Amino acid sequence: MTELVNLPKKRKGESTNWWEEDELDDFSIQKWKSLEHHGVIFPPDYIPHSIPLFYDGEAISLTPEQEEVATWWSSVIGTEWETKEIFRKNFEHNFLKLFTSDHKIKSLDKCDFKKIAEYVEAQREIKKARLPEEKKQEREAKQKIDEEIGYGIVDGKREKISNIIVEPPGLFRGRGQHPKAGYIKARLRPEDITINVGKSNLVPKCPVPGHAWKNVVHNSYVTWLAYYKDPELSFSNVKYVYLAASSKFKGLNDKLKYEKARKLRGLIDGIRSDYFDKIKKDNQVNKQLGTALYLIDKLALRVGNEKTEDEADTVGCCSLKVSNISFKENYQITLDFLGKDSMRYFNTVSIDPNVHENLKKFVEGKGQDEELFDLITTSSLNEYLKTFMKSLSAKVFRTYNASVTLQMLLAKFNNKKMQVEEKVQFYTDANREVAILCNHQKSTPKNFEVQMEKMQDKLKDKLESLSLLETHLKGFLSKKIAQNADKKLPTSEENTRKAIVRAKTSVKNMEIKLKMKDDNKTIALGTSKINYMDPRITVAWCKNNEVPIEKVFPKALRSKFIWAMYTEPAWEF
DNA sequence: TGCGAGACTTGGAAAAATCTTA
DNA sequence: TAAGATTTTTCCAAGTCTCGCA
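If you read the first sequence in the numbering used here, its first letter stands for residue 60, the second for the next number, and so on.
You can take every hint at face value.
Distance condition first, Cα-Cα at most 30 Å in a straight line; then the derived DSS-like pairs of lysine-lysine:
1) Lys420 with Lys387
2) Lys572 with Lys513
3) Lys288 with Lys203
4) Lys187 with Lys143
5) Lys319 with Lys449
6) Lys501 with Lys572
7) Lys239 with Lys173
8) Lys322 with Lys471
9) Lys572 with Lys517
10) Lys340 with Lys419
11) Lys420 with Lys454
12) Lys264 with Lys203
13) Lys476 with Lys563
14) Lys610 with Lys314
15) Lys173 with Lys143
16) Lys567 with Lys580
17) Lys610 with Lys471
18) Lys563 with Lys513
19) Lys399 with Lys309
20) Lys319 with Lys216
21) Lys92 with Lys264
22) Lys519 with Lys476
23) Lys143 with Lys380
24) Lys156 with Lys366
25) Lys201 with Lys244
26) Lys602 with Lys319
27) Lys567 with Lys517
28) Lys186 with Lys143
29) Lys614 with Lys399
30) Lys445 with Lys322
31) Lys316 with Lys445
32) Lys619 with Lys258
33) Lys574 with Lys614
34) Lys92 with Lys219
35) Lys309 with Lys614
Please keep in mind that the hints were generated in silico from the structure rather than gathered at the bench. It should be emphasised that the depicted structure is a prediction, and the values quoted were computed from it without experimental measurement.
Using the sequences plus the hints, can you model the full thing?
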């Protein structure tokens with residue numbers, strides 16, 4: 060077999076790779092013994108441009124603080140954020156708070172940001188028009204900083220950090236109908252940052268003169284290097300600074316995740332028969348547990364934790380409402396709800412008759428806004444799962460089903476003679492099935508229709524030249540001179556035949572490309588690749604079928620899944 | 001038991017990088 | 001060889017799930 064993957068060569072006796080170590084220290088308890096890093100860095104200060112805002116036609120000069128916020132709004136103009144009601148309302152509320160109560164600015168509608176927006180646009184153009192040389196210099200400067208402070212040292216090993224620059228201030232872009240979208244994210248200071256380093260390691264120097272970190276801790280039971288929380292936004296989550304995906308911390312956890320899903324594979328038959336028992340004969344609580352788990356297993360739904368009022372109103376399995384389900388003939392149901400990131404889940408499926416009957420009962424006598432599964436919680440469901448395996452939880456089913464589906468689909472491959480491109484397409488088709496199962500969507504790309512038309516035109520051209528060649532060939536066969544002899548057509552019968560073969564391939568490739576583009580229009584393939592499908596399935600398949608791994612895993616994924624790159628061709632999930 | 005804090009994974013959009021094409 | 005298309009990476013929002021506390 061050819062060497063398909065460029066891997067670091069192992070030296071004799073060397074075992075510095077965590078995935079090759081027989082005995083891993085108990086990672087579930089203590090994560091590290093020594094931890095050293097440079098802390099975080101802050102985005103550059105705001106540089107005022109002194110362009111006024113116009114209010115009722117009158118130029119109003121702004122303080123730097125007001126101006127910065129006005130500039131954020133200006134950069135939103137022309138996007139859908141500008142007209143999004145909640146975003147607009149919250150922004151107005153928070154923007155007006157920056158002015159004293161006797162200030163004449165009282166309403167966003169009367170604010171004219173045109174001049175600032177022009178400035179923002181001009182800045183964009185300048186950035187876009189940078190010469191390649193400038194871009195290169197910028198990139199190199201960035202890399203230098205990254206090289207200097209973008210790494211930490213964990214137990215003596217140098218590891219990449221994923222996010223050393225703290226989040227810049229700006230407008231909070233909550234998805235869907237997030238009730239707080241449009242709020243102002245504050246500029247963070249060192250006094251907002253808690254640093255985590257080893258007790259005997261150097262505490263990173265605060266990069267802002269005259270300031271100090273909020274706190275320095277030595278917590279070896281966690282993997283974060285620092286955390287912060289926006290001091291102004293009560294609803295905002297804590298943000299952590301972690302090592303990059305290629306690190307041991309992330310890689311080991313990732314591997315453990317897939318191993319857990321593999322364990323589930325061994326238990327799945329028993330679990331399925333158990334939840335079918337619950338579905339059929341137990342009491343109401345158990346009926347709901349069994350039914351919910353059935354949906355999670357069959358449809359790869361998320362578990363659906365309760366949400367607070369400060370979040371968008373989305374649901375998962377346990378939080379489904381009566382309004383999200385409708386019943387069809389032949390034991391079919393339609394689920395229609397907004398899931399994570401307010402992505403719509405809309406699916407009509409045939410389900411088990413007992414489940415169908417249960418669901419109908421759960422809905423009986425309830426209002427549209429009431430919970431379908433009112434007797435269970437995500438905690439009680441996960442507790443039920445713990446009876447099968449200590450570490451089992453609902454999300455493992457998504458990992459398990461995604462991986463099993465990929466493996467099953469890839470196993471159907473039986474044409475090693477295919478071109479690599481066709482093999483990759485086969486893989487992509489399998490990937491897409493998984494993405495559809497997990498409901499990973501993306502919005503239709505800009506200009507999609509135009510691009511499709513262009514491709515259709517090209518295909519038409521190709522078909523035309525093919526038929527031209529075929530006519531030309533007939534000319535040879537009937538010993539007549541072809542009609543289009545003036546055009547550049549092959550001068551011999553043999554060459555014409557060859558040209559026809561080439562043209563046919565070209566047509567076929569174009570058709571495939573066109574179909575792929577259309578099929579992938581709203582399907583996001585990356586999420587399942589990055590998070591759900593065990594990479595070892597992909598690596599083994601690639602090795603078996605002589606597909607270079609870089610055709611399916613780009614650089615970042617290859618280093619994220621470095622632990623899976625040595626997988627044997629015979630490996631199975 | 002219910003709840004919120006805390007830590008970690010998962011997610012789509014946008015930016016940046018790279019490839020393709022006229 | 002620049003513009004456009006496509007792929008890859010970055011960004012940061014939004015999930016899951018455990019744990020400790022009242």
